[in-house]
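Student: Heads up: the protein sequence lines correspond to chains A and B, in order. Going left to right, the first sequence walks through residues 28 to 478 as this note's numbering numbers them. Going left to right, the second sequence walks through residues 28 to 478 as this note's numbering numbers them.
None of these hints come from the bench; they were simulated from the model. Any given hint could be a false lead.
Some, not all, of what chain A presents toward chain B, calculated at C-beta under 10 Å [as the list claims (entries may be wrong)]: (1) T46; (2) S49; (3) N186; (4) N189; (5) P221; (6) K358; (7) R359; (8) I361; (9) R363; (10) N366; (11) N403; (12) D406; (13) H409; (14) Q439; (15) K457; (16) E459.
Heads up, simulated BS3-like pairs for lysine-lysine below, C-alpha to C-alpha not over 30 Å straight-line [what the hints assert, rightly or not]: (17) B:K93 - B:K286; (18) B:K477 - B:K333; (19) B:K396 - A:K400; (20) B:K400 - A:K61; (21) B:K73 - A:K255; (22) B:K119 - B:K207; (23) A:K132 - B:K476; (24) A:K119 - A:K286; (25) B:K61 - A:K259; (26) B:K73 - A:K73; (27) A:K400 - B:K400; (28) B:K358 - B:K400; (29) B:K255 - A:K255; (30) A:K172 - A:K255; (31) A:K73 - B:K132; (32) A:K156 - B:K255; (33) A:K396 - B:K400; (34) A:K132 - A:K119; (35) B:K396 - A:K396; (36) B:K73 - A:K61.
Since this is a predicted model, take the numbers as computed values, not measurements. Positions of the beta carbon are idealized from the N, C-alpha and C atoms, including for glycine.
Protein chains: 2
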Amino acid sequence: MKVIFFFVLISFGIVAQNTDSSFIRLIYNQALSKGKAYEDLRSLCKDVGARLSGSSEAAMAVQWGKERLELNGFENVYLQEVKVPHWERGTKESGWINSKDGLRKINILALGGSIGTNGLLEAEVIEFKSLVELQKSSKSNVEGKIVFINQPMNEQFVNTFNAYGGCYSIRGEGAIEASKLGAVGVVIRSVTLPMDTHPHTGSMHYLDSVIKIPSAAISTLDSEELSKLLVKGKVKFSMELDCRVFPDELSYNVIAEIKGIEKPNEIITVGAHLDSWDTGEGAHDDGAGIVHSMEALRILKELNYKPRHTIRVVFFMNEENGNKGGIAYAKRSIDRGENHIAAIESDRGGFTPRGFDCDGSHEQVQFLKTFGKNLNEYDLFHFDRGFGGVDIGPLKKSFEKIMLIGFVPDSQRYFDFHHAETDVFESVNKRELELGCAAISSLLYMLDKKM
Amino acid sequence: MKVIFFFVLISFGIVAQNTDSSFIRLIYNQALSKGKAYEDLRSLCKDVGARLSGSSEAAMAVQWGKERLELNGFENVYLQEVKVPHWERGTKESGWINSKDGLRKINILALGGSIGTNGLLEAEVIEFKSLVELQKSSKSNVEGKIVFINQPMNEQFVNTFNAYGGCYSIRGEGAIEASKLGAVGVVIRSVTLPMDTHPHTGSMHYLDSVIKIPSAAISTLDSEELSKLLVKGKVKFSMELDCRVFPDELSYNVIAEIKGIEKPNEIITVGAHLDSWDTGEGAHDDGAGIVHSMEALRILKELNYKPRHTIRVVFFMNEENGNKGGIAYAKRSIDRGENHIAAIESDRGGFTPRGFDCDGSHEQVQFLKTFGKNLNEYDLFHFDRGFGGVDIGPLKKSFEKIMLIGFVPDSQRYFDFHHAETDVFESVNKRELELGCAAISSLLYMLDKKM
Chain A
28 MKVIFFFVLI SFGIVAQNTD SSFIRLIYNQ ALSKGKAYED LRSLCKDVGA RLSGSSEAAM
88 AVQWGKERLE LNGFENVYLQ EVKVPHWERG TKESGWINSK DGLRKINILA LGGSIGTNGL
148 LEAEVIEFKS LVELQKSSKS NVEGKIVFIN QPMNEQFVNT FNAYGGCYSI RGEGAIEASK
208 LGAVGVVIRS VTLPMDTHPH TGSMHYLDSV IKIPSAAIST LDSEELSKLL VKGKVKFSME
268 LDCRVFPDEL SYNVIAEIKG IEKPNEIITV GAHLDSWDTG EGAHDDGAGI VHSMEALRIL
328 KELNYKPRHT IRVVFFMNEE NGNKGGIAYA KRSIDRGENH IAAIESDRGG FTPRGFDCDG
388 SHEQVQFLKT FGKNLNEYDL FHFDRGFGGV DIGPLKKSFE KIMLIGFVPD SQRYFDFHHA
448 ETDVFESVNK RELELGCAAI SSLLYMLDKK M
Chain B
28 MKVIFFFVLI SFGIVAQNTD SSFIRLIYNQ ALSKGKAYED LRSLCKDVGA RLSGSSEAAM
88 AVQWGKERLE LNGFENVYLQ EVKVPHWERG TKESGWINSK DGLRKINILA LGGSIGTNGL
148 LEAEVIEFKS LVELQKSSKS NVEGKIVFIN QPMNEQFVNT FNAYGGCYSI RGEGAIEASK
208 LGAVGVVIRS VTLPMDTHPH TGSMHYLDSV IKIPSAAIST LDSEELSKLL VKGKVKFSME
268 LDCRVFPDEL SYNVIAEIKG IEKPNEIITV GAHLDSWDTG EGAHDDGAGI VHSMEALRIL
328 KELNYKPRHT IRVVFFMNEE NGNKGGIAYA KRSIDRGENH IAAIESDRGG FTPRGFDCDG
388 SHEQVQFLKT FGKNLNEYDL FHFDRGFGGV DIGPLKKSFE KIMLIGFVPD SQRYFDFHHA
448 ETDVFESVNK RELELGCAAI SSLLYMLDKK M
């Protein structure tokens, strides 16, 4: 007992004596020497697995999240009900390219939300290089065909998210635009940079006013191959998708907090999304964000930091195909009369940190920039206007003055794994992950001290 | 002919019209859209392989380097003779931990330069946590034993090279210090951060005045295991190393240049080392540096840039175990009466660039910092005093006013692969490699314009 009391005094002593700079050093030491994030991520990836909204795995992920937050000893561990869509891939898809050069089976992956093909769908292929090129075409060209949208990501952007931004509409809107011209199916080039054989899925949409047609992704290498065959002559594409939509399911955001001692009613949220696509293990997207958020709080608690404001961690459900968790969380915040002053999201992978984006007023961006003084020595140099995150986005409507902050790690490898079977625990580097935890924990500390 | 002439005019036009900022954008576009570095690296790793000084593979690497430089159309492609040491591992090593818990075979890797064991070497193990702890021990403790130096890299450094700096002397000096106290062999914990089963080699030294004893590395996981067994009781270590030293071999630095149009006698060198350890494929160490250097020049040539100074690329031989290439290059430079104003080295892997270190005067460091203005937008923020590189180091003695510059990529994953069988082509990300080429090419351009 005496020994414990002594150690508590030492802990308080350290906290009280140290400047921001030395407290941040303690945060980094915790993350790098005594971090729990890597083991947490292993468990989420291997003990739970891929966890699309509405699946049994997503339900297990909710249980996992609640248990981990309780194990960390946070306050007010809470499940918030969220109604989520429930789409299932069914039996693994099959696809064939059928040309003068012969028949070849290729990897395909239904896009999330796609209808099935109800048996084998076969049709001649017509290629477009972009959504705009497709939109400019005509019914006489497209009718009865499978539309192949072969738009590569622009590799000249240094930040790969900019390239993604210019390209992902082929996935979301491809089926609508193709169907308007009478196509019977859509196949897209995976929205990724490397030339490899992995298809990448992701959400797609239908309009009630436009006939629904099946929609799938093929790999970049197969896209190049298909494009070359189309130069030689007619090509038929054959595919079978077994996907189905089920009634909405009850699911949950998983929430916990450390109560503020000065301003408990002012809330700083840090979060990520617990759901993932149903391929791979959702390691970078967004298992990394989940363990970043939890570990950031755990470190502050471990260092016996008593926040001025309430710091809350949220594992959002359903970012990938509906954002129902983010919307529900913002609504609950208003319903409860809460005051949200800042929210941080990590949803760009578990890579080496570069800094933070700020979606807020000019003053808020300038305020964030001042953090560089303490964080440059940790190789954090990016503090600028930018995107917060999908999950925290709805808070903006409810809280006009909220500062939304997006964690910015190195972006080079993110789309190599994004929504593909390669997004597994082994693709995450332990130190890169831990540095992300330390960066976010340091940001929470600075925000709490200075807001 | 007319068409070609027209294109040449356009090229010149672009160069003449654009500011630094837009020329650097062209460099990045070349590297990211039309880069040759990734294929060059694949070829060096797969067509040549690991290439320790004195080996047949090193001779093949020299031929490969000369051919590639000629293919790129550079001027004065030249082989400079260098006498290098020739050490061979021989038959793959074997090692066993022999304890109360039973016999277990483990992965071991002789340190470069070690003598063999001349059959099976078996002895009781004594553990030390550092070289200093070993030095403080006594003959009565150590005599007749195998010394196990189990010093982990300090994971709290954000830059892993700082942790390496604090640790690598156990590899270089371990055998000398252990032998002084009568040890019969040395086993070190691999100088790496992750907990895995891969031993990492690297150079070690002997003194003529101290008996030579065999020296090998074991993995971090096996080091932890061995340490735990030693707590329980006596442990014997058994190993067989078949290494041998052969007479020095004739080898070569491989050199090419683009002649300067204003100041051809003022030379800016960019280089990396062509040799590698004999395990893995020398992909990050230092295949990445080789293709960085070659590609940086290729891009300038492709963009039809006519440098003011002579820009020279050097593939140095024998960085890993002797630095004979670096020493010979500096000597040749003096012998030929050359004037070297700057030298850049890439020897920290093919990861996302962070910036550059400068080993030079205060004014030179300040000068380098001014480059941030044009390079911050490419996520390059590190421009500071630091280490140039082993190969270019000897130039410093010969040219007092030379500015030595070390390329600084993200350091988090470097020691995961360093000197281990995992340092293969597949461990290098294409975009990260290409961004390194663009950063170094941009630096060459800026140095050439502003010096």
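Student: Give a verdict on every hint.
Tutor: Structure-based check of each hint:
no., hint, result
1, T46, "violated (18 Å)"
2, S49, "violated (13 Å)"
3, N186, "holds (8 Å)"
4, N189, "violated (12 Å)"
5, P221, "holds (6 Å)"
6, K358, "violated (37 Å)"
7, R359, "violated (38 Å)"
8, I361, "violated (38 Å)"
9, R363, "violated (40 Å)"
10, N366, "violated (35 Å)"
11, N403, "holds (8 Å)"
12, D406, "holds (6 Å)"
13, H409, "holds (7 Å)"
14, Q439, "holds (5 Å)"
15, K457, "holds (6 Å)"
16, E459, "holds (5 Å)"
17, B:K93 - B:K286, "holds (18 Å)"
18, B:K477 - B:K333, "holds (14 Å)"
19, B:K396 - A:K400, "holds (17 Å)"
20, B:K400 - A:K61, "violated (38 Å)"
21, B:K73 - A:K255, "holds (28 Å)"
22, B:K119 - B:K207, "holds (28 Å)"
23, A:K132 - B:K476, "violated (54 Å)"
24, A:K119 - A:K286, "violated (46 Å)"
25, B:K61 - A:K259, "holds (25 Å)"
26, B:K73 - A:K73, "violated (33 Å)"
27, A:K400 - B:K400, "holds (18 Å)"
28, B:K358 - B:K400, "violated (36 Å)"
29, B:K255 - A:K255, "violated (59 Å)"
30, A:K172 - A:K255, "holds (18 Å)"
31, A:K73 - B:K132, "holds (29 Å)"
32, A:K156 - B:K255, "violated (60 Å)"
33, A:K396 - B:K400, "holds (17 Å)"
34, A:K132 - A:K119, "holds (13 Å)"
35, B:K396 - A:K396, "holds (20 Å)"
36, B:K73 - A:K61, "violated (39 Å)"
Of the numbered hints stated above, those contradicted by the structure are hints 1, 2, 4, 6, 7, 8, 9, 10, 20, 23, 24, 26, 28, 29, 32, 36, listed in ascending order.
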